[in-house]
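K.L.:
Listed below are the residues making up each chain.
Protein chains: 2
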Amino acid sequence: MREVFQQELREVQDRLVEMSTLVEFSIDNATRAFNESDVSLAEKVIAGDSRIDSAAKSLDELAIDILARQQPVARDLRIVVSALRISASLERMGDLAEHIAQLARYRFPEKVIPKSLRSTFHEMGTLDVAIAKKLTELLKSEDVKLAEEIRNEDDRIDELHVSVFDAVLGETWKGAAVDTVDATLASRYHERFADHAVTIAKNIQYLATGNLVGSDS
Amino acid sequence: MREVFQQELREVQDRLVEMSTLVEFSIDNATRAFNESDVSLAEKVIAGDSRIDSAAKSLDELAIDILARQQPVARDLRIVVSALRISASLERMGDLAEHIAQLARYRFPEKVIPKSLRSTFHEMGTLDVAIAKKLTELLKSEDVKLAEEIRNEDDRIDELHVSVFDAVLGETWKGAAVDTVDATLASRYHERFADHAVTIAKNIQYLATGNLVGSDS
Numbered sequence: 001m002r003e004v005f006q007q008e009l010r011e012v013q014d015r016l017v018e019m020s021t022l023v024e025f026s027i028d029n030a031t032r033a034f035n036e037s038d039v040s041l042a043e044k045v046i047a048g049d050s051r052i053d054s055a056a057k058s059l060d061e062l063a064i065d066i067l068a069r070q071q072p073v074a075r076d077l078r079i080v081v082s083a084l085r086i087s088a089s090l091e092r093m094g095d096l097a098e099h100i101a102q103l104a105r106y107r108f109p110e111k112v113i114p115k116s117l118r119s120t121f122h123e124m125g126t127l128d129v130a131i132a133k134k135l136t137e138l139l140k141s142e143d144v145k146l147a148e149e150i151r152n153e154d155d156r157i158d159e160l161h162v163s164v165f166d167a168v169l170g171e172t173w174k175g176a177a178v179d180t181v182d183a184t185l186a187s188r189y190h191e192r193f194a195d196h197a198v199t200i201a202k203n204i205q206y207l208a209t210g211n212l213v214g215s216d217s
Numbered sequence: 001m002r003e004v005f006q007q008e009l010r011e012v013q014d015r016l017v018e019m020s021t022l023v024e025f026s027i028d029n030a031t032r033a034f035n036e037s038d039v040s041l042a043e044k045v046i047a048g049d050s051r052i053d054s055a056a057k058s059l060d061e062l063a064i065d066i067l068a069r070q071q072p073v074a075r076d077l078r079i080v081v082s083a084l085r086i087s088a089s090l091e092r093m094g095d096l097a098e099h100i101a102q103l104a105r106y107r108f109p110e111k112v113i114p115k116s117l118r119s120t121f122h123e124m125g126t127l128d129v130a131i132a133k134k135l136t137e138l139l140k141s142e143d144v145k146l147a148e149e150i151r152n153e154d155d156r157i158d159e160l161h162v163s164v165f166d167a168v169l170g171e172t173w174k175g176a177a178v179d180t181v182d183a184t185l186a187s188r189y190h191e192r193f194a195d196h197a198v199t200i201a202k203n204i205q206y207l208a209t210g211n212l213v214g215s216d217s
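Residue numbers (full-length UniProt numbering), protein chains in the order written: chain A, 1 to 217; chain B, 1 to 217.
Since the hints were made in silico from the structure, they are not lab data.
Possibly wrong hints are sitting among the right ones.
For identical chains, the list gives no copy identity; a pair is met inside one copy or between any two copies.
[What the hints assert, rightly or not] Simulated pairs of lysine-lysine, DSS-like, Cα-Cα distance not exceeding 25 Å:
(1) K115 <-> K174
(2) K111 <-> K44
(3) K111 <-> K174
All values reported here derive from a predicted model rather than from experimental measurement.
Here chain A stands alone, though its shape is the one from the complex:
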């Protein structure tokens, strides 16, 4: 029984890693579509999100099934509950990657972001992709050093997020309303993507320590 349970937990972990890998591809393609105005890549991200949604759904069903059959307690129980939380966050990260791709599609063939902000969004996108890759590694290895790195990268994204507002609200901003809207939404999506990664990192920390850490705002 115990051995079966351990095998099922590994299955849960494998599925989280798979989901995270899908999210990684999605944000990588979304940020490239966004930065390069590549509409076919954007379409690919948008079409691919349903795969992440169904992976989340089937992982949730598996986790609930394990709770019912195995009746885990203590750390084992926390692993399964955390898996439900992590799956929900990964699903949202997929949605946010899709939203970034949608912005690129809406504005095509125009570039979605004016020249003056391109390097900022390039850096935000690169950080989101790096965070997604580290998240996959963290889910594989539970190496808390990676959780720390994700938090640091999220801090940098928060700085960039603030800098986008400074730019848009500054005296030298020449963008039209459409540029202002796009920059506002795109910055918010990039920032929320990283927030969810931090929430997942906290969940993994919860597994390691048993201290429940609330999701951040």
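Keeping the supplied structure of chain A fixed, place chain B upon it in accordance with the hints.
P.N.:
Just chain B, lined up with the frame of chain A:
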């Protein structure tokens, strides 16, 4: 044992109703602070969000404790898992009410939204408050008719959300970049608030039918 468990489930339900009531007050005050540029009301919402966060945290601890001690199966298990999901959504709704209040505070003593959009945001706010009230009732009664009403009100909020973008991107828009940013973010927050209510309504539907419904994007 069974009776104790039923009592614990009622405790979970009562706590969800309490949380939802806090969210209801929060969005009511946030939208009033936002529409009337009432900075002290905004401060109250911002300070009050930690109460919702700790309610979520303690509810999650209770739910996990029930899973460990009572080892529920079938519908009982689904109730406890749904409670975890609902608590996470209510916590986010509290965050979004806080974000709306923050916008009012940032722009004080200026009004946060230009005249031409005030009636739109007034309607969005009224709908969000109505949705929050219905959510509390739904959590009390599990009356699926209320879930239907919440979905309809969410559809109307989605229309208003689109109309904000139409206004901001239209030829007659005279707002400065700061107005465009505020309208974009405020509209997004109002819309996401309602989305979470719909997600919770789906979770309650899941309890009633046993069909897992994924969270929407």
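K.L.:
Each hint needs a verdict: does it hold in this structure or not?
P.N.:
Now the hints, each set against the structure:
| no. | hint | verdict |
| --- | --- | --- |
| 1 | K115 <-> K174 | both (11 Å within a copy, 23 Å between copies) |
| 2 | K111 <-> K44 | within (18 Å within a copy, 41 Å between copies) |
| 3 | K111 <-> K174 | both (15 Å within a copy, 23 Å between copies) |
Checked against the numbered hints above, the structure breaks none of them.
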